[in-house]
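Enquirer: Okay, here's what each chain looks like letter by letter:
Protein chains: 2
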Amino acid sequence: MQFELDRGSREPLYRQLAGSLQQRIRSGALPARTRLPTVRQLAQQLGVTRLTVHSAYAELQSVGWVEATVGRGTFVAERIEQLIAPPEAEFGREVTPGGMLSDILRMTQLPGLAALARADPAPEHYPLRNWQRACELALASGGPGLMNYTTAQGDLTLRSTLAEVVRERGVTAGPDELLVTAGVTNGLSLLTALLAPPGSTVLVEQPTYLGMLNILAARGVRAVGVPIDDDGLIIEALEDLLRVERPAFLYCMPTFQNPSGVCLTPARRASLLELATRRALTIVEDDIYGRLAYEGAPPHALKADDHSGQVIYLSSFSKSLMPGLRMGYVVAAPSMIKQLTLLRQAQDVCSPLLIQRALSVFIEQGWWHTHLRRMLPRYRERRDALLRAMERQFPMGVTWSRPRGGFSSWVSLPPGVPVTELYVSAIGRGVAFTPGQVFCAGAEDVPHMRLCFSVEPPERLADATVTLGALLRERGGSRSLPTPAIGEYVPVV
Amino acid sequence: MQFELDRGSREPLYRQLAGSLQQRIRSGALPARTRLPTVRQLAQQLGVTRLTVHSAYAELQSVGWVEATVGRGTFVAERIEQLIAPPEAEFGREVTPGGMLSDILRMTQLPGLAALARADPAPEHYPLRNWQRACELALASGGPGLMNYTTAQGDLTLRSTLAEVVRERGVTAGPDELLVTAGVTNGLSLLTALLAPPGSTVLVEQPTYLGMLNILAARGVRAVGVPIDDDGLIIEALEDLLRVERPAFLYCMPTFQNPSGVCLTPARRASLLELATRRALTIVEDDIYGRLAYEGAPPHALKADDHSGQVIYLSSFSKSLMPGLRMGYVVAAPSMIKQLTLLRQAQDVCSPLLIQRALSVFIEQGWWHTHLRRMLPRYRERRDALLRAMERQFPMGVTWSRPRGGFSSWVSLPPGVPVTELYVSAIGRGVAFTPGQVFCAGAEDVPHMRLCFSVEPPERLADATVTLGALLRERGGSRSLPTPAIGEYVPVV
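Line by line, the protein sequences are chains R and S. Okay, so the first sequence: first residue is 1 according to the working numbering, each after it adds one. Okay, so the second sequence: first residue is 1 according to the working numbering, each after it adds one.
Just so you know, these hints were derived from the structure itself, not from any lab. Hints may contain errors.
To be verified - So the derived list for chain S, only partly shown, Cβ under 10 Å to chain R, looks like this: (1) P121; (2) H125; (3) E136; (4) N148; (5) L325; (6) R357; (7) A470.
As the list claims (entries may be wrong) - Pulled from the structure, derived: some chain S residues nowhere near chain R, Cβ distances all over 10 Å: (8) R7; (9) P12; (10) G71; (11) F75; (12) T185; (13) P266; (14) A304; (15) D305; (16) H307; (17) S320; (18) G397; (19) R475.
Unchecked claim - Covered stretches of chain S, as calculated for chain R (at least 3 residues, CB under 8 Å): (20) 52-65; (21) 153-164; (22) 214-222; (23) 339-347.
Idealized CB from N, CA, C, for every residue including glycine.
When you get a sec, could you build the whole thing from the sequences and use the hints?
Expert: So this is what it looks like as structure tokens:
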């Protein structure tokens, strides 16, 4: 088996090797059930360390492309045909929030693709060893009962720990004001079921989290966008809208908004709370990125200053720890928590108790805070790498947000750039981004894209930006186009 | 600290000790943050082994009543007040499927209570060591990617394994016909959302799984009961109902039905499939107890003989392995799986990938089959102990089903027995059962109760039955009441 590895490349050798192997599997050169060389053989043949080969195999295993059996070796997966459907044909079929979410989730199976579409944490830094220790500690103390059902509201031990966690965001809540959810999406889904009947209206930032638009669409709820700018949600625009709309609630991310990364200013936070109290507007605050601040401490949550009880607060550990835990939470009044608990009970009974108790241990041991401290400089470095690369590689006429936190930048393209075509072409060249349209309520042909800088290391971000820059120049963008004004990344007013 | 332990009792010493400790904590004699004696001290003082004390402490820890800190000792939980609300006051407030489900889930926090209310597997036999090995093997092969999001449909590796699992129930399905769910409840919730709009009708066996009645109530769907007898669902009654009702689907458990434990006969299975085909009736088959057969091999699933595609099949590992995994699955046509996948995506994105992959490893290693083989004789023994004890302890006029599989017996009481009062009194005396009403669509004052024999060892089942027998004699039952006819445990026709 021959591979060409480029020792001068910024791409680590194991990734080059994983990519080459993937290419050969995709081409059919290595069909299902083919036995791969042993780690030792291939390392020797290529003149690389065994760790390099082992890491490449592990990357392919993690997505199910190869399977290892102790004592027998590593084989191309039996069901490989189902995994290697050509991505150009498989992706971009439906540029809706739901269709795009499916695309993004399927991309987790494609290790070769530069993952600028996924607002996920960096998997190579997952604190797996401490997580395993937390599970062991939880089991040693809790025993087999941790594999039982538990209450739908969630484990009291975890809720007590979460009460301490939200206190660090300025939010005071007792365990009876907390509901454990399977991520923020689950909390949003339950809240929508409780508060927004089919046919009702929910206000969202424009652009907003595509998962929320997907939930609203699935439940037959109308989403109306409120524009944002560099300072976050535009309060005057919200006030205007409230004169004509009677929304079930406003969904917003005041701190490091997805997809734009912008942060609501203190003055606007005060205005928003005042307006909400005056108009009896329920605010659903999604604080999932609240801890991921790269320039000093983040502002407190909006909920911290909510003296009239207008704000329902949600967050999770999907960005600040690991999404696979499926662990999030809602803070609301005890009466609302009770209603949400009954809905959760009728949805899937409860979240796994072992994960709940292990998460509590993980936090109480200080491992979550350690992990955050370790990750913030890394994400800052990645953000800087992406911003620098866009500066160098993107044609004139393209602008972008410069987030001080979160996982993504919102890129504004010259009008007329065929974003969906660009999306499919980029995947064909090994780079995934997210078309802007899926973040926008009721909008089509949105000349924007979201680029996430959290998953890939700086060198891969730079390479991906070269590819995207080339595509942009081919596909409509040109250095001679006029530069849009500041705030241009607001797509719809 | 003084404890009276009865060495002649059938109750293990550690359970007696845990019970005594619990009593003292409940009484306030051991308030929050009290340091308990060390294991060594207490073992010496009581003249028992350290394992006994350790097991008692572990049982209290598992439900959060005490907390252990390495090097500091074991303490009564800081938030103990929230856990020890007197159960007589806390339970039985709302005798509805939802209220009872909350009661049952909260009972998992009360180790002293004889758990005849919970249709759970026996926690002391959970295969924790093999489960941990499965997690380690999965992580060793899959790496950090297993803590990422995955597709809402579920991991392909697990779905391929599940395809083999359902084959053993006679069901042929490819991975594209499978959806991974967070337990059967989750599958039922998604199917109801897809197939039964608010205001529509769903047929259920009478009595049926209370979780399904809870889902239907939560979604505003009307449940109509079809009577059952010792041979399962009465087909003629279903046929009669279909003349007046146009149900979205029929929900049933043909194999070891919950709560009755009855099993649909081969002849009725054939009639049911014929009727479903003729009337274009969709059948939702819940096979959660299908593997838990105590007298020879269980019949194949109904889905096995479904040649016209009328049957949607669900099962899970909550009874046959551990409910805390929150792992179940749906088998349906690929087009329906796609729709359910989109709903799941808008509900909570996906199930934890690590648990999915570890479950696949667990099954592929043969550990699930080993566990089942080990558990079947134990459950058979428990069933026999309960049936024997009822024979001895229950007054005349009380009858019960004699299940050949599953986890529960359906007990018919003389009319007029105040079941809800009985329920609350029994909890006061340390025994929990489930009032029959919550298993019955549109019925009140149902003179039945469900007794589960799966959680408690034979001696605890016997003791609990003594308590229940005494209560039945006090509260309206008497040996002089007429014996109901066979099939009397059908509450509503």
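Enquirer: Far enough from chain R: is every CB of that chain over 10 Å from the CB of G71 of chain S?
Expert: The claim holds: G71 of chain S sits with its nearest Cβ about 13 Å from chain R, beyond 10 Å.
Enquirer: At 10 Å, judged by beta carbons, does F75 of chain S keep clear of chain R as stated?
Expert: At roughly 12 Å from the nearest Cβ of chain R, F75 of chain S sits farther out than 10 Å, so the non-interface label holds.
Enquirer: Does R475 of chain S clear chain R by more than 10 Å, comparing its Cβ with all Cβ atoms of that chain?
Expert: 29 Å, holds
Enquirer: Under 10 Å, Cβ to Cβ, is where H125 of chain S needs to be relative to chain R, so tell me if that hint holds or is violated.
Expert: Holds, because the Cβ-Cβ distance from H125 of chain S to chain R comes to roughly 8 Å (cut-off 10 Å).
Enquirer: Hint validation: N148 of chain S versus chain R, beta carbon distance must be below 10 Å. Holds or violated?
Expert: Cβ of N148 of chain S sits 5 Å from chain R, so the hint holds.
Enquirer: Would the stated hint for E136 of chain S survive a check requiring a Cβ distance to chain R of less than 10 Å?
Expert: With a minimum Cβ separation of about 8 Å from chain R (threshold 10 Å), the hint on E136 of chain S holds.
Enquirer: Okay, the segment 52-65 of chain S and chain R, do three or more residues pass the C-beta test at under 8 Å?
Expert: Holds, because 6 residues of the segment 52-65 of chain S bring their Cβ atoms closer than 8 Å to Cβ atoms of chain R.
Enquirer: Taking 10 Å as the cut and beta carbons as the points, is A304 of chain S off the interface with chain R?
Expert: The claim stands: A304 of chain S keeps its Cβ more than 10 Å from every Cβ of chain R (closest is about 24 Å).
Enquirer: For D305 of chain S, is the shortest beta carbon distance to chain R beyond 10 Å?
Expert: Fine: 27 Å to the nearest Cβ keeps D305 of chain S off the interface.
Enquirer: Has the segment 153-164 of chain S got at least three residues whose CB is nearer than 8 Å to a CB belonging to chain R?
Expert: Per the Cβ count (4), the hint holds.
Enquirer: Given a cut of 10 Å on the nearest C-beta pair, is the interface hint for L325 of chain S held or broken against chain R?
Expert: With a minimum Cβ separation of about 7 Å from chain R (threshold 10 Å), the hint on L325 of chain S holds.
Enquirer: Would the non-interface assignment of P12 of chain S survive a Cβ cutoff of 10 Å against chain R?
Expert: Answer for P12 of chain S: holds, closest chain R Cβ roughly 15 Å.
Checked against the numbered hints above, the structure violates hints 7 and 12; every other hint is satisfied.
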